[in-house]
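Colleague: Spelled out from the first residue to the last, the chains are:
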Amino acid sequence: MTPSAVRSLLFIVAFLAAMALLPAFIRSEFWLTFLILALYTASLGQAWNVLGGFGGQYSFGHAMFFGVGAYAAAVLQVRFGINPWVTLGAAFVLGGATGAMVGALTFRYGLKGSYFALVTLAFAEVFRVLANTFEFTGAGVGMMIKLAPGAANFQFVAKTGFYFTILSIVAAGLMVAWWLKHSRFGAWLTAVRENEDAARALGVDVFRVKLGAITLSGAMMATGGVFYVQMFQYIDPPLAFGAGISVEALLVAIVGGMGSIFGPLIGAFTLALVNHTTTELIGRAPALSMALYGLLLIVMVTFLPNGLIGGLASLARRLGLRQRSGGDE
Amino acid sequence: MSDAVPPILEVRGLQKSFGGLRAVDDVTLAVPGGSLTALIGPNGAGKTTLFALVSGFITPDAGTVAFAGRQIAGLPAHLVCRAGMTRTFQIVQPFAGQTVLENIAVGAHLHRVRQADAQAHARAVAARVGLADQLDKRADSLPIAGRKRLELARALATDPRLLLLDEVMAGLNPSEIAEIIPIIRSIRDGGVTILLIEHVMQAVVNLAEHVWVLSYGRLIAEGSPAAITTDAQVIEAYLGHGAAARMQAMQVAQ
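Chains as they are written, first to last, in my numbering: chain U, 1 to 329; chain X, 1 to 254.
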């Protein structure tokens with residue numbers, strides 16, 4: 001490992017240790033839920049970040065992987081009585097398979113940029129319509145998970161159970177991002193993002209690298225879907241495959257900083273705080289949060305294209321805190 | 001040229017048309033292993049297209065390309081590179097948001113899985129092309145001369161047996177050209193065969209042992225740089241019909 005890889009790994013471990021200790025100091029149920037939801041959104045953002053941030057392939061339909069995971073968990077439990085922890089593995093595989101399928105279809109024909117975005121959006125819609133149609137998936141009514149409290153059933157009585165589960169998922173996501181920063185696959189993926197022709201000239205199999213990224217990204221996103229189902233015990237087609245999830249995933253990654261290890265986490269906590277503050281000030285208005293998201297996205301893309309992390313890094317450079325570029329937190 | 005050294009690259013009857021335009025028309029040439037040769041010709045002669053055909057970026061309509069004895073026409077670019085032939089781009093294509101080190105490491109990763117190994121190799125390559133003190137800079141912050149060197153370094157980091165350099169000197173000032181010429185020569189001396197596309201005649205005359213001249217997609221002449229610069233067909237291709245005769249008349253008059 002290079003010194004920078006070791007430093008980065010130590011930082012991740014320290015962060016996770018701090019997060020693991022946090023529940024001991026939080027007495028309020030509200031703030032624990034706040035943390036759980038922020039971490040959950042961060043896990044979605046990290047999944048999107050693998051393909052969009054590191055790979056530069058901007059998906060607008062990541063809800064399709066989320067939904068595949070959510071429905072895998074719901075259908076396997078309700079129809080087949082399979083333990084939800086097992087469905088987590090199944091969802092991971094199915095999400096990856098969905099990613100591989102969509103990737104094979106789109107990247108084979110060289111779809112890029114807005115064309116890729118539109119096709120992923122369309123795929124998510126197809127999945128929504130399918131889930132809405134079949135009895136198997138509960139059609140338009142959706143599916144309820146039977147209440148069966150207990151850690152063995154992935155239904156925790158104490159909120160801390162959900163907290164540590166989502167923290168583990170986030171930890172896995174951080175490790176994936178760290179690996180992308182410090183591995184050959186990651187170097188190739190980033191090269192593909194920056195310039196496909198140049199990557200090809202240097203021996204990079206562009207198609208396979210993109211296919212690998214969307215498979216990994218899909219698998220990660222699907223685990224977020226399982227978590228959602230276990231936390232809320234209900235799923236229906238618009239919740240699973242609607243644009244809301246897709247936007248949330250890409251937004252936290254873009255706001256935090258695409259292609260960085262901690263970007264999605266920073267984005268998720270920022271967004272959670274913004275949401276919380278506006279709810280306090282104006283009261284509950286779901287439509288307003290979407291408008292606010294849109295505004296935030298415009299501001300970020302215009303003024304901080306590298307996200308909050310990019311903004312902080314350049315501020316630090318300007319203040320002379322960091323002479324060398326090479327930091328990748 | 002002499003058949004003493006077996007060719008590392010052998011192109012036969014290569015053809016490519018775009019619509020009605022024959023960009024590369026029945027080109028046959030053989031690059032001897034270990035040589036430093038050049039491909040010249042007026043703008044639009046088809047030089048870059050020939051490079052793209054040979055390196056797998058576009059598929060030829062007809063003809064064969066043999067690299068180190070193996071048929072590679074139609075092989076995708078990344079596999080051509082893995083086989084040991086790497087090209088650079090006339091219009092530099094840096095991974096703009098990445099550092100110089102990261103850029104070169106992408107090439108180095110081709111034969112090195114671990115990041116530490118790839119970066120170590122990238123540093124060594126950077127030193128060879130004079131980029132050692134720019135490693136932490138972003139690629140898009142480099143001036144044009146630096147970017148040209150980066151293009152060269154990245155390709156070199158893939159450990160090629162044959163380098164196709166597409167105008168690595170275009171846009172450089174005379175002193176920058178004087179700096180890069182020995183670098184290119186040292187790469188060849190290190191055992192890498194080099195085929196250049198170049199407009200800078202100072203470089204061609206200085207570096208190349210053998211030159212092919214392409215015009216309207218066809219090879220019109222080949223030989224040593226000295227022979228080429230006095231070839232009537234070559235002068236006409238560059239300066240227009242009748243130019244050779246006028247130049248000869250001027251020389252006679254003097």
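Hints in this document: simulated from the structure, not taken from any laboratory.
Note that the structure is a prediction, hence the values are computed from the model and not measured.
Backbone N, C-alpha and C define an ideal beta-carbon position, used for all residues, glycine too.
Any given hint could turn out to be false.
[As the list claims (entries may be wrong)] Only part of the chain U face toward chain X is listed, based on derived beta-carbon distances under 8 angstroms: (1) LEU121; (2) GLU135; (3) ARG184.
[As the list claims (entries may be wrong)] Over the 12 angstroms line for every Cβ pair with chain U, so calculated as not near, a few chain X residues: (4) GLY84; (5) GLY107; (6) HIS109; (7) GLY240; (8) ALA243.
Colleague: Would you mind marking each hint as holding or not holding in the structure?
Modeller: For each hint, the structure was consulted:
no.	hint	result
1	LEU121	violated (26 angstroms)
2	GLU135	violated (46 angstroms)
3	ARG184	holds (5 angstroms)
4	GLY84	violated (10 angstroms)
5	GLY107	violated (5 angstroms)
6	HIS109	violated (5 angstroms)
7	GLY240	holds (34 angstroms)
8	ALA243	holds (37 angstroms)
Of the numbered hints listed earlier, those contradicted by the structure are 1, 2, 4, 5 and 6.
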